[in-house]
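J.: Kindly produce the complete structure, drawing on both the sequences and the hints.
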Amino acid sequence: RVAGLRALAGTLGVADRVEFVINAPFPELGRRLATASVGLHTMWNEHFGICVVEMMAAGCVTIAHDSGGPRSDIVADRV
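Read in our numbering, the sequence shown has 35 at position 34, and its numbers run on one by one without any break.
No lab work stands behind these hints, which were simulated from the structure alone.
Each residue gets a CB set at the ideal place from its N, CA and C atoms; glycine is no exception.
Keep in mind that a hint or two might mislead.
As the list claims (entries may be wrong) - Derived Cβ-Cβ restraints for the label pairs, each shown as a range: (1) D17 - H48: 19 to 25 Å; (2) E20 - I64: 15 to 21 Å; (3) R18 - A59: 18 to 24 Å; (4) W45 - V19: 19 to 25 Å; (5) V15 - G60: 32 to 38 Å; (6) D17 - A37: 16 to 22 Å.
T.: Right, here's the structure in full:
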């Protein structure tokens, strides 16, 4: 799946601006989230969505699929 995304980034001409990090250690994840502005969570129907909570805790504008845990457990008010 990641190979396909890398190929797509190349096709779209953005490969030099995209970095795929697989299984980053938790300290590295924290450092990356601390410098991020936006967090994108694309998992469909995830049971809770701890990644969403981590992005929100780091102060990222968080975009998540409107299903599963992010919908039922994390989002309090709908816009």
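J.: Take a look at whether the Cβ-Cβ distance between D17 and H48 falls inside 19 to 25 Å.
T.: Because 36 Å falls outside the window, the suggested range is violated.
J.: Using the Cβ atoms, figure out if V15 sits within 32 to 38 Å of G60.
T.: Since V15 and G60 have Cβ atoms about 25 Å apart, the given range 32 to 38 Å is violated.
J.: Using the C-beta atoms of W45 and V19, is the stated range 19 to 25 Å upheld?
T.: holds (22 Å)
J.: Taking the beta carbons of E20 and I64, is their distance inside 15 to 21 Å?
T.: Roughly 18 Å apart at Cβ, these two residues keep to the hinted range, so it holds.
J.: May I ask you to test the hint 16 to 22 Å on the CB atoms belonging to D17 and A37?
T.: holds (19 Å)
J.: Given a hinted range of 18 to 24 Å, is it respected by the beta-carbon distance of R18 and A59?
T.: About 21 Å separates the Cβ atoms of R18 and A59, which means 18 to 24 Å holds.
In terms of the numbered hints stated before, the structure departs from hints 1 and 5, listed from lowest to highest.
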